[in-house]
Structure formats: C-alpha cells, structure tokens
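Starting from the structure of chain L, add chains E, R and Y with the ligands where the hints point.
The primary structure of each chain is shown beneath.
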Amino acid sequence: MLGAALTLIFAGAALISFLWVPYDITQLDIANKIKGPSGAHPLGTDHFGRDILSMIMVGARTSIAVALVAVGIGMGLGVPLGLAAAAKTGSLLDEVIMRGNDLVFAFPSLLIAIMITAVFGASALNAIIAIGIFNIPVFARLVRGAALSLWTRDYVLAARVSGKGAARISVEHILPNVTNLLIVQGTIQFSLGILAEAGLSYVGLGAQPPLPSWGRMLADSQTMISFAPHMALFPGLAILLTVLGLNLMGDGLRDLLDPRLRRGAR
Amino acid sequence: KTDIVVAMQLEPPHLDPTSAAAGAIDSVLYSNVFEGLTRFGPDGSVNPGLAKSWDISDDGLTYTFHLNEGVTFHDGTAMDAEDVKFSLDRARAEDSANAQKALFSAIADVEVVDPATVKVMLSEPNGNFLFNMAWGDAVIVAPESIENIKQMPVGTGAFKFTNWVQGDNITLEKNGDYWGTPAKLDEVTFKFISDPTAAFAAVMAEDVDVFTGFPAPENLPQFEADPRFQVIVGNTEGETILSINNKMPPLDNVKVRKAIAHAIDRQAIIDGAMFGLGTPIGTHFAPHNPDYVDLTGNSAYDPEMSKALLAEAGFPDGFKTTLKLPPPSYARRGGEIIAAQLRAVGIETEITNLEWAQWLEQVFRGKDYGLTIVSHTEPFDIGIYARPDYYFQYDNKAFQDLIAELNKTTDPAMRTDMLHKAQTIISEDYVNGYLFQLATATVAKAGVTGLWKDAPTQATDLTAVYWAE
Amino acid sequence: MSLLEIEGLDLDIHGAPILRGVSMSVAPGQIVGVIGESGSGKSMTAFAVLQLLPEGAMCRGRVELNGHDMLGLPEPSLCRLRGNEVGMVFQEPMTALNPIKTIGEQVAETILIHEDVSKRAAMARAREALDRCELPGDRFPMSRYPHELSGGQRQRVVIAMAIALRPKLLIADEPTTALDVTTQAEILRLIRRLVEEDSMGCMLITHDLAVVADMADEIVIMRRGEVVEAGPTAQVFAEMNHPYTRALFEASGHQPVREAQTQSVPLLQVRDAVRDYALPRNRLFAPQDYFRAVNRVSLTIERGESLGLVGESGCGKSTLTRAILGLEELQGGEILLDGAPVFSGHQPNRAVRRRMQVVFQDPYGSFNPRWKVARLVAEPFHLMDARPADWRDQVAKVLEDVGIGADAMHRYIHEFSGGQRQRIAIARALILRPELVVLDEAVSALDVSIRAQILDLLAALQKDYGLSYLFISHDLSVVRNITDRVLVMRAGEIVEQGKTAAVFDNPQNWYTKKLIEAAPVLPDHGVAGGGAE
Amino acid sequence: MLRYALKRLVSLAISLVVASVVIFAMVEVVPGDPAAYMLGINATEETLNALRDQLGLNGTLLERYAGWVGGMLRGDFGTSYTYRTPVAEMIGERLWISLPLALFALTLSTAIAFPAGIWAASKRGSLVDTSVMGVTQLGVAIPNFWFAMLMVLVFAINLRWFNAGGFAGWDAGILPAMKSLTLPAIALALPQASILARVMRSSLLDTLGEDFIRTARAKGLSKRQALWRHALRNALIPVLTIIGLQFSFLMAGAIIIENVFFLPGLGRLVFQSISARDLIVVESVVMLLVFAVVMVNFAVDLAYAVVDPRLRVRA
Ligand SMILES: Nc1ncnc2c1ncn2[C@@H]1O[C@H](COP(=O)(O)OP(=O)(O)OP(=O)(O)O)[C@@H](O)[C@H]1O
Ligand SMILES: Nc1ncnc2c1ncn2[C@@H]1O[C@H](COP(=O)(O)OP(=O)(O)OP(=O)(O)O)[C@@H](O)[C@H]1O
Ligand SMILES: [Mg+2]
Ligand SMILES: [Mg+2]
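Chains as they are written, first to last, in the working numbering: chain L, 1 to 266; chain E, 1 to 469; chain R, 1 to 533; chain Y, 1 to 315.
Chain L on its own, in the form it takes in the complex:
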C-alpha cells in the first residue's frame, strides 16, 4: 500500500511535470542560487538558482523513462529467450542461451555499464542500453525457470495433444502464467534500474545536461553538501523513496499475485 502510494506520487510528479512545474528549469537564476527551502521554493534552489522541486519532478521523468525502457529491453529480449530455452530444454539453443546468460552475469554489471558509456559516450540512451543488457539474463532465467516447471504441467501436454507447437504453447499457455512473476520481477528490476541510472548519472555517465537527473543532481550537490545540505538531501530522498516504494510494491504484488498463481495451478 505504502509502496504503491510512494510509486504513484513519483510517477504522478513525473506526469504532472509534462504539464506544469513550479518553475521553468531551463531558466537559470544565478542571483537566487543555493537558497534553502522557502515559501517560494519549497525545496530550495540549486547552484544555478533552479527550483529543486521542479528539478526533482522533471528528474523523475528521466529516471522513470530510463528504468522503464531498460526493463523493457530486458523483458523484450529476455522473455522470448527464456521461453525458447525452456521450450527446447537440453537443446543446443538452450545451452547457448543459458551460457550466454551466465556470461553476462559473470561481468560486474556496473563496471561494464561504465565501460559501455565510456566507449560509446555518456548519454541517457547508452545508460539505458547498458542497464537493459543486464536485465536480459535476469528475465531469461526467471522465465526459463518458471516455464520449465509449467512445461511439465498436464495442460501443456493437453495442448500438445491438441496439436499445438512449442511456439504456440509458449505464447498461449506459458507466457500468461509467468506474467505475475514478470510483473513482480519487473518492479524489482525497475527499482534497480532507477538506482543504476542514478549511479551512472552520479559518475557523469548517465543523462547529460540539460536533462535533469536525480543522480546528477547529487553529483552537482556533492561539493556543497557541507553548506547546502538541502541540495543533496532531496534528490537522495527522491531516489530512496521511489526505490523503496517500488520494492514495497513488488513485495505487495508478490503477496497479492503469488498465492492465486499457486492456487490456480495448485
């Protein structure tokens, strides 16, 4: 509940920011830089005099977009791979997919993300790709594991008796029954994606200015933390609360969806 509420707050803030933000963040107001929270600026201003509340709202957009697309990449590629591997267990295809997964897992993900963005240039897009790549094996493994047990179910056998092929069964029978798992894992990867984006942006390899990003706000505020702690506090809290919200929501969803899944399929 709390999780869903927190998530909604930030998703809502991101959405509202398309229509309205308290201040235009593309306008710098150097004269008003580094002001603590006040009536005019509830969360204060940053080193360029921008309104931190507005920055956080627009930054939520970046964080959510990056994490969402990265999860999308991971699901979009990982789910079919996992389904294929499960459909053809023990085959060469399965072996190749699983070894490939192991390989990606063997790389320290953040390190490689740093390499990727270092090689291809720092940008939100490359951050998405780097985070997305490491989502692929997560989903592939999850789906394969779940699908393997589903493949032993009698209803799959019944579908085969009805003359359906592996691809069709994967889509009609396996996929719908792993969606719950995907939703739960998706929320978790989503929150990890937000953390990863923040980390990459913090070291300067994520979203580039003028696109606001929570991670970069933290990086910018770092040298000012001793005299303007509000600049570091609020973006950090935004990350913390969003990730916390997503994790709580993931747990909640698991509790909500899992027993039904178990009851449905015994």
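A few of these clues could be false.
Pairs of lysine-lysine, DSS-like flavour, derived with a Cα cap of 30 Å [said to hold, decoys possible]:
#, chain 1, residue 1, chain 2, residue 2
1, L, K33, E, K320
2, R, K101, Y, K7
3, Y, K223, R, K119
4, E, K150, E, K119
These are computed hints drawn from the structure, not numbers from a lab.
Since we're looking at a predicted model, the values are computed, not measured.
Chains E, R and Y with the ligands in isolation, oriented as in the chain L frame:
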C-alpha cells in the same frame, strides 16, 4: 614543523617534464626537483636559474649562458654545459617526445664553450627565447639518469624525489647539497585528490596542509570563515574561452559569432560556475599582463542585440549546434549556463561531456565540434590565432602577418603596440567567446608561509615555504 | 488402560473450525486406523497429538499420551516426549528427510537428542534401528544420503527414525500413499511387525479403506473434522451405522454398470514399439547412452474395448501413452490407428491425432488457470483445419454430456472442484468425438466417492459415444472393475496380458502374482457385500 | 565431485575466452588516442607516431589481441600507456586496497546479515522481524554513494572520527589502514547486507516450511535446534548464490565508492584509465575483475557441492 602535505587535483602520469604535456608533472617537480636555465618568479618574471647570467649578441641570434658552478644532480653527478647541450638537443631532436617542441624550434645549434659556459645559436631572432627556456619542458636533465626519468626523476633542485605511491602520493625530501638557497622544509608529500568533494573533506579534516588549485570555488567561503585556514586567490595564465569552430557553418559567419558573444552574460558565468572567482576578459590575453587591453565592451551582454544579429545573419529562429565540454567544473558548469543563455536567444546546443582524451581527439585534433569551453593555460599564447590549422580554424592573413612580425620584434614599445592590435583584431572578429581569466585558489593551513599567489606557470614552488609559528 | 486418549478435541486455525469434538483412543499393541477423505482433518488430529500444529492453531479438549496432558505441557517437555514416547511417520518420503545429512546421522539424531550417549553409541543404535527396518548394513551403509535411496527405502529410514527409541506410540500419516502397491505392502508389513515386536500403539492414517481393513484392530472414520463412526474393524464393516461409512465403503469397491461393446475390429495397433531416452552425458566426449523406457511393446485395442494397463511407477506407462498420442516419436516399431500411422515422415499425423484424446491424472494441473472453460474445452479444435462455426454449441453440448452444464463455459477453472474438473477434462477429450480415449491415471487423484461417479460417467459415455478406452492405473481394483482386457507392464515390457477376470483370478507371471497379492482388498462381508447384489 | 568440478572448469574457461574477446572488442572501439592524450595540445604528428610505435598501438587487431591474451597468460599484463609501468605492478598495488575493501565489506555484510536474517526468520511476524525487514527495505533502496556522502558529512566532516577519504597505506599499520577502509566498507556493505539478510530470512522460512523440518520436530528437536541443525545448511544454498553475485556487485560498486572516498583502488584505476584512454589498463583490470567474479562463482559452485551432497553425483 618541517614537513608538509600538499594536495592537488591531478596526478602526473609519469615524472618526465620534458616528454609530456601534463601540467601535473610541473606542478610537482618544477623548480622543486628540476630547474632550467632560467626560471619563472612568482609574478611571472623570467629570472636566472641554472644560468646565473647570459649575454645576447646584437643580432639577437646568439645567447651565451654562464652557468652556476658546483651544481650537482641528485645522484651526485655534476651539472655542466654538456648536460645543457644534451637537454636542449634531446628536446629538439627528430624523435623528440617533447610536448612543447615549438619552444625549441628557433634553436639552430648548441655549443659547449667550457663546463660553465654554453652558447645557443638561433636561426632567427626570438623575443621570447629566455621566456621559453623557463618553461618546465626546458629543464636540464642528465644523460646518466635519463633512462629511468619517468619513474625516478633526477634533477638539480632543492628537493630530491623519494617515492611515488601511484594513485595516491609523491614524496620529496630536502636536498642537502643544494647549490642555491636551501629549502626550509625537510619533507614534502604531494597528495592527489581529483574529486572536489574529497578535496573539501580532506582539507576540512586537516588530512592535508595545502591544497593548490582547489577545485571547488563554492567551498572557499567556508575556509575563509574558518580561522584554521587561509585562502589565497591568484591569477593564472588561463584564458577561459568559449571556443568556436570558425569553419563550421553557421559559425563561420561573423554575425553569428557576434550574436553568440552578446548572448553571453559573463558575470553570470563567473558567479554561477566559479562562485565569483575570475576576471572578465574580452580578448585572448591575461588581464594582469601590462599589455592587456580591456575589450569586454565589444561583447557586452545584450540578448536583444544578439537576436537582431541572428536575424540579420539569416537565423531569426536560431539554429542548433554542439557544445562539447571537457571535465573541469568551469567547463561543465559554465557549459550549462551558456547553453541556457544561448537558448534564450534561440540557439539550441546539444551538450556532450567528454573526458580529456576524447576532447583532444574529437575537438582539438578532429575539429568535430561547434562550441567548446576550455581554459588556455599556456602563458602568452595569442600566437595560436595565427595558426589556421589550430582547432578554432581561424584564418586571417593580416593577423598572421602581425604575429610573424611580432616574433621578430624585440623593441618593447613596438611589441606593446602590436599586441594591442592583435588583441583588438581577434576581439572584433569575435573568433571566440571570451569569458574570464581563470583564477586559482590555494587553501592552506593558517601557518603556511611562502606559497605563490599567482600561477604564471603550472608550478608549486615550495623552495621558500615554511611554517610560521 | 489406553496409551493415547483423545477426548472432545476442537481445533481452530485462525478462527476457522478444523476439528470438532474428535475422540479416539489407542491402546498398547493396537493399530487404530483413521480414515476419511482428503481434508477431513486426519493429519490435524495427528499433529494435535504431537502439538506440532500450524501457526494460529487453537486446541481445546483433552489429549493424553501415556499420562501426559499434551495440551497443557510446556514446549520443552513436549520436545522430550516427541521422538521418545511418540514417533511419527509422514506421507511424503521424498521430502521428509534432510537432503544434506546422511541417513545414519538423521537416525542417530533421535537418540542423541533424548539420551546422553556418545555419538558412536548413537550411531551403533541407529544401525540397529535401520536393520530392524529391513535396511541391512551391508547394502545400506549409514553414510548414504537420502537421494541415493528409493522412495520405499526412504520411508524405512523415516520409520527407523521414529522407532529408534522404541516409542510407545507410532503415528503413521498416510505412510504409503506415495508408494507402489508392492512397496506399500512391504511397508505396511514392516509397521505391523514393529507394532507386534515392541507392543507399540499405532495410529495409522489413510484414505484407503482397504488398507485399514487389512491392518487395523479398530477403525475411526472422520468426515469434515468430526468422527462419524468408530469401533473394532470387523464390527464397523459389519454394521456400518453411519451412511457416510456405507457410502465410503460402497464407493471404494464401486463397479460401474457396463456392457461389453467390443466389436473385434482392431482400432489401435502397437507393434514392437521401442522408446529410448538419451541419458545426460557424464563426460564431455563420452558416447551417448540411452535409457530404454519402452521395450518392444505390442498391443491391440479393439473398437469399443476398454483395455487396462497396470504396472508400478516408472515402468513406462505414460511414455507409451505419449507415443500412442503421437507426441513423441518411436525409436523402433510402429503405431497404427485404423491402419494409419500416428507418425509419418517424422511428422505427427494430424488426421490420426484427431481421433484420439487423453485425460490426465491431476485435475488441478491439466488446465491453464488463465483460460475460461469454453476456451479450454475447445482447445482440441486446433487439430481441425478451422474451428467450426458452431463450436460454442458443441462445447455446450459436451459439457452437458459430462454433467457440468453449459453455464460453466464462462467461468475459470479454479471455480471448480477436483471432480468437476475431471469432468471438464473428459469434455475436452470428447469435443472432437474421438474414437480412442486414453485415461492416464484419470481417477487416481480423486476421493473414492467422486471416483465412483467419474467411473460411472466413463462407462455411460463409452456407450453413447462408442468409445474405446486405454485405461492406465496402478490401482488394481479400479482396473478390475472397468476394463475388458488388461496388460501388465514391468520395466518397459509387457509381461502378461489377457481378459481382466482371467488375469486377476489366475495370474501366470510372477510379477503379476506379486502385484495382485500386494494389493489390499476390502472384506466382502457385511452390508456392502449385500448392497452390491 | 571431481567430474562436477571439471565440468564447471570447462564452462569457466569458455566464459573467460568469450569475455576476453568481448572486452578487447569493446575497448578497441573506444574513441580517443592514448598517444594524443599523453602528449597534449601542442604535440606534432611525428611525435605522436613515434609514441604510438613505442606503445605498440600500430599492429593489427588480431596481433594485438594475441599479444594481450598471450601476455596475460604469462602474467605479463603489458605496460601502462600513461604511467609507463607494468600493469601487473599497478594492479598488484591497487589490489591491496580493493581486495581488502571487498573482503571487509563482504565480511561486514555477512556478519550483519546472517544474524539479522536468522533472527528475523526465527521470530517470524514479531516486532524483531518487522523492524529487521523495515530496515533492510531501506538499506536496499538507499543509493550507496548518497549514503557514503552522508556518512562523510557526518563522521568525517562534522564528527571527525574518520578520515574523509584516502588510504593511510598498509605501511602505516593495520589499524589506520582499516580505519580508512571502514566508511567505504560500510557504504558498500549496507545494501548488500540488507539484500543478504532478506534472502537469508526468506530462504530460512522456506526451508523451515519443508517436510523434513516437521520430521525433525517430530523427533523431539526444539524449534531452535531444528533451525540450527537442519534448516540453516539447507537455507545456505540460495544465500551462497547471492554472496557469489555480491562479489561482482562489490567489485563494481567499489568503483563509485572508491571515487567518493578517493581510495586508490582498482575501481578508480579503471575510471582513471578510461578517461586517460589507457586501454591496456582498462582491458586488464576489467578482465581481472571478470576473472575474479568467474572464479568466485566457480568457488560458489564448489561450495554448493560441499553443502549439498545431491550435486556431488549429478555430474
Ligand atoms: N496450515 C493450515 N492453515 C489453515 N488450514 C489448514 C492448514 N493445514 C490444513 N488446514 C485445513 O485443515 C483441514 C484438515 O486438514 P488435514 O491436513 O488434517 O486433512 P487430511 O484429512 O489429512 O487430508 P489429506 O488426506 O489430504 O491429507 C483442511 O480443511 C485444511 O484445509
Ligand atoms: N523425458 C525423459 N527423459 C528420460 N527418461 C524419461 C523421460 N520420461 C520418462 N523417463 C523415464 O522413463 C521411464 C518410464 O516413465 P513413465 O513416465 O512412462 O512411467 P509410468 O509408468 O507412467 O510411471 P508413473 O506410474 O509414475 O506415472 C521412467 O524410468 C522415467 O524415469
Ligand atoms: Mg493429511
Ligand atoms: Mg505415468
């Protein structure tokens, strides 16, 4: 107390000042470990170094240097004219890896007269020659120790190199056999702290005694307010400019460049990026130089005029270009501010943050950029505008002739005149957006005395530093 | 004097009533059989004795074990009693043992927990207990891990653990449900022997009436958390006071009314079928090894016939089924339906497949939980080139035929009980009006009363639809009641076949004999016997 | 057991080969010429070429790959372009910070997570459980570099209990060295400990629900005994996986944390070398880290076999 910990942002890649551009090498070793024939004083003046005096022939083509006697390298070998010849010949050789080879291009020959006298023949007169010899790239090294110089630098200075923990620190100790005024400190540790936050924390926590080139101007007020510390703000030779690719349309249009210049609010940049540190400039010349002309009026902040100029140039709705930024915070922060200011007059910029290596590759060598921000820290470098292949790609015959003339001229008054002219030409051609002269801030513990205020060259000369009671 | 005395036991879990006024008693040397259908509270009664109840359970009433008031004792005292005075054996031998400890350690642990003896002494006594449970030391060293034992052997280890300290009471909760008939017979014999040797009391929980009929001195019949009837075995069987007891008894030996329809026209012919499974390679470049799951099996099903296939778990019954249905290709031999091969040119033959369908064992696992019944039942239409326009009507009709009603079409499968699901499974099998229906353990997972209804339904449908059945089961009594002919399979081969009655009454093969001997049978005296006439 | 190990070893070797190709390929497309970086703004083309030759940057791709891998097999990681010292030496030096840091963090996270996870699981639903779960939720969600920043602010700048960063050096003695690693290790360990504690708890709860626990209880073991003797080792299997994975997170997470605390460790070496286009260092360090991660996973696989006898036969 006779030891000191001096922190700086960048670590030298290796310890041979004569084969790399990295200013960090000079920051540690210049004057402390290595010395040249001449040397820079704290005010930027050229003073005698290993050469106690010199004679210049009337045609300006022959320099005869008289060396100090009894000078030894740290490994005990004597420093004599042979070493000078070796050093200069090495720097100008075909396969030389000297990053500032141009400094030596005027030299035609070097001749050893006797162990204490060396004669340098030039191919044409050069008003800057003594100045050139003061650079860190022109220090005197010994053939005996050249092999391992990158790891084990052996010089003639008041300090001896002792140890290097890569990634962390370099230590020097007092040279007991120094030929000149001995150093007051017994031991010096240079610590490398690249991260501005860490820099702040390290000073605050008193992990270091001095931080030269303190990277976060926003923290200076706190140090100033704290009686434990002193803050020394000085000039550098760094003209911080918004470099413009003069060959890339529409930036090849002088009206467009002028529009850019008028769109920029220098003071906002100095306040926003440097927290007030820095002197506005209107041309590529250091304001503390006596030959400086204040031309900031040529590019006063005037967005309306800027818009008008853009419309005149055929871009009433503005245009789009790239803004590539190297790592220092003046560039990164300044870039964001400039982007916002340019956006206000209709010019959209796509910001790309680059590491130095990428910047050198893409911008400096590849000339693949529209705008960039960089500080040109070489002293007295207006001559770069005479190089059409330089990354601004500014090609003005009149200016090139002027500089060629200047190089040959030794008469001070005429030089001043020509320099004024040169500054005006580039300012009125709006070659680049001239922002501010980079300031340098040194934060030190209250008792530290004898530090340089300004930075006429990249050096941390500790030979006169001591702890006051 | 009784060993265990349960009186007026009420049990609630999180406020939901589970047990109501349960009373029973066990005397030393006595076996009390507790039976009842799934969910009737048998296991909970047992757990209440040990006080190992799930979280949120609340007990009232009186449970007295050898003079100890189990409901009143503090936890440490209960721990001293468990394993010492009362031992327990569980249903699932595969998961009841800790997979990462040796069997010796696990048996010795019972001793070490309760007695202050050296590890060596405990191990020696563990050895003894294993020996007593017919796991001799030369073949079953104590250093074995559970996964190195078969199900029956694991169950013996669990029993050894339970009796290591010669407890006064042994509670066995469905100790043989997961096992083969032959293994079941051995385990039951072992329990009986141990009870006699130590004159232990034994509470034997089962849902199989026949098992208790053989074993128990007294019977307690439970239903929905209540005891409906109790008394000495012979008396209960003779009197059957409660209608539920009668229904239970009747359903257990239920014989559906059916007429022989066999037309002596071969419908399905299997000739010399061979099915090999590739074994995982042990070494990288080792030659591929195979496991032969079906070895040169030949059989014929005639039109309108019900053919039974029996055999212990893992003998290859399901594998053969899959081959017949054209799901897997054979490595040798051929399978023909009405003369047409099931597989032609490495491709399953769709025209043949349409004429065969299957019903599986697990009513919970055979449906996609995310589909509605209409879509589920219509799935076999995929075998047609196009789904007929009136498919909804056809689904409705077949649902009516299996006694579910057409309004089920718009509901999800979790809204149905096990028995209803199995009816829907049959509807799905019938939707294409096949000629052959394979029933792979189709009634094994159902409670006896439901099982009886399904068997009746199958018999009726066979007549209406003119079906042939291949009826696979390990439950001999069911096979006996519903098939015309029977095949006995062992280790991938058919060892005996013939008319059902002939094979059961006069088995020729030693294995068939053993199988039939091992199967527990209901006494045929009493009301039930009368009722069947 | 041996066969199991051998099989793992083969797949390990394949992983490493593929990894080396991927890393090499990736690093080779990095724009930026190390020679240009080293010589700076005013270097001439000829000087650049001379330097490139010295650095061996002029060979074909295949030659360079073969040279790199061959060298590594011999323990020769090449010479850093910028520092002009053997990479192996640089790595060796940095390893003395990164490895202790990773181990310190790992020890810390295990030392926190195990008791917390076990405690929470054994008192499921209690106040203890709820608060452990609450704290770990926060721990998982907190960005560790932000946490590090806050810790520096509080413990180094305000309270001045610890140094704000930097490494005292092992020469200064174990204690000062450990002291400079303490804050970074805590920053690294906190999220890991939270994850580990959660995994430990849920894995224990799962195991506690298994049939064999009921068997053990029926034998007369108390709840505690059943947990310690039977559940714990079984629950360890997923926990081991996570510990193995965490190693890779610790290695990578260290890059950021080493930056916050300016520790001269491997992570910072990578960062510096990337910006300096010191390709050979990047390649070698990343390869080394991948090697370490692969080896740790191999060790974890072997640890499984020790914990779980079922794996010993299933070759
Ligand atoms: N942990 C639990 N929480 C809530 N209810 C439970 C729990 N365990 C069992 N029940 C309920 O208690 C009732 C009795 O269960 P019990 O396990 O005693 O049945 P049973 O007769 O042993 O059945 P079976 O033959 O399937 O083993 C069932 O309705 C079941 O749903
Ligand atoms: N896909 C497979 N790969 C390898 N071996 C298999 C495979 N499927 C089944 N087997 C093996 O073939 C043998 C026969 O299995 P099958 O499922 O046909 O037995 P069953 O008689 O149906 O047993 P049950 O009564 O338990 O259902 C078993 O030993 C089994 O281990
Ligand atoms: Mg039960
Ligand atoms: Mg079967």
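Outcome of the hint check:
Distance restraint check for K33(L) and K320(E): the Cα-Cα separation of roughly 28 Å lies within the 30 Å cut-off, and the hinted pair is therefore satisfied. For a cut-off of 30 Å, the pair hint linking K101(R) to K7(Y) stands: about 25 Å separates their Cα positions. Of the supplied pair hints, the one linking K223(Y) and K119(R) holds, its CA atoms being roughly 22 Å apart against a limit of 30 Å. Annotation: proposed proximity of K150(E) to K119(E) holds, straight-line Cα distance about 28 Å (limit 30 Å).
The structure meets every hint from the earlier list without exception.
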